[in-house]
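A.B. asks: Going down the list, the protein sequences come from chains H and W.
Residues 1469 to 1581 in this note's numbering are what the first sequence lists, from first letter to last.
Residues 26 to 315 in this note's numbering are what the second sequence lists, from first letter to last.
Since the hints were made in silico from the structure, they are not lab data.
Keep in mind that the hints are not guaranteed to be accurate.
[As the list claims (entries may be wrong)] Straight line, CA to CA, 30 Å or less: simulated DSSO-like cross-link-like pairs of lysine-lysine:
1. H:Lys1577 with W:Lys280
2. W:Lys227 with H:Lys1536
3. H:Lys1555 with W:Lys278
4. H:Lys1501 with W:Lys278
5. W:Lys136 with W:Lys169
6. H:Lys1500 with W:Lys97
7. W:Lys280 with H:Lys1513
8. H:Lys1500 with W:Lys74
9. H:Lys1501 with W:Lys227
10. W:Lys278 with H:Lys1513
11. W:Lys74 with H:Lys1577
12. W:Lys88 with W:Lys136
13. W:Lys156 with H:Lys1501
14. W:Lys136 with H:Lys1501
15. H:Lys1536 with W:Lys278
16. H:Lys1500 with H:Lys1555
17. W:Lys293 with W:Lys97
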Amino acid sequence: MKRRQLLIALAAGALFGPAARSQERVIRIVAKKFEFTPSEIRLEKGVPVMLELTTEDVAMGFFAPDFKADVEIVPGKVARVRLVPDKAGTFEFICDVFCGDGHEDMGGKIHVT
Amino acid sequence: MAIDRRDFLKLAGVGGAVFASGLAGCAGMSMKQDDFYFVQLSDTHWGFKGDALNPDAGGTLQKAVASVNALKVQPDFIVFTGDLTHTTDDPKERRRRLAEFRDIVSKLNNKNVRFMAGEHDASLDNGQAWKEFFGASYYSFDHKGVHFIAIDNVSDPAARIGEAQLAWLKADLDKQAKDAPIVVLTHRPLFDLMPAWDWATKDGAQAIALLMPYRNVTVFYGHIHQEHHHMTGHIAHHSAKSLIFPLVAPGSKPKREPVPWDAAQPYKGLGFRSVETETPAKITEYPVKA
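So that you can see chain H by itself, here it is in the shape it has in the complex (with noise of 0.2 Å):
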């Protein structure tokens, strides 16, 4: 590899790898039967973002299918899955690990603008 490829790989590396995502915007989010705080969450199109969850009680899961983010939130640590909101609207996301009765009304709402 010539050394401006090198370069050049190294730039595009420092903007969109590991180095990148370390400067991504950080969300965190709490679970507890049978709600998320915050239940809404306010994303930019194309800014992606590290949801980071944890759980007050059982173990609750995070889903939003429209972005494929899913994780599974164990108590006693934090979960973390990043999100990309490739398009613009507001979209749903849901506990997807049955905690109870109230499981089937947990979720909340993201607004990609």
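On the provided structure of chain H, position chain W as indicated by the hints.
C.D. replies: Leaving out everything else, chain W in the frame of chain H:
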């Protein structure tokens, strides 16, 4: 005198509606088995309380049992495809509901009854209480030439079948001829009906991939509280009505929600079904009668 199965619909005491295209997945089977029929009941949610959705939540299951007992030609067997009870965080209450459910369905005249768990029964304790009452949560059996496979996609609260059960499924299927008539019973849909409404199985595609080489497979499931018919390739999937309250049709509302009780048409949207395995096999839907 042997009763022609084609006469069954005329003889059945409670009436019903026939799903016109029948069991598409079984239509081409070689039919070495004897004709018979079974009854599927689902999503009884014993222990649910909510007058706006079902003011007779404490009596609907008993009415369904009476309706099945009233069938003039009794089925070869009866299967409950999950959510026998409504969920509760209290392990004692869960067992109390399971015991009450078992007592009520013990009034079925036909004692050949197969049970499956739903997420309301099993997801909060990985199926522990349910197994105390009903045994293994996944199993297979043969009946008059048809191979039945019950798949558990609810004991894992994340709606997975899991590697161990998928390996068991593969081993079970390996013993079957490629044209064997196979009926799969499960609670959640194995295909992605509506993942945003939790109407899917995380690793259901793996189960379908294992079933795909078999030419005569039909799946009966519950969970979505309404009749629904879908094909994945040549495999037909048929969901059953609930015996507690219906849910809205997939995608018809922004969110999954129940259909309120209609006092002018009590028990509307509730019911059970019979499945005849003759060629072409037929699904007949029966209402709950007051």
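A.B. asks: Which of the numbered hints above does this structure break?
C.D. replies: Those not satisfied are hints 6, 14.
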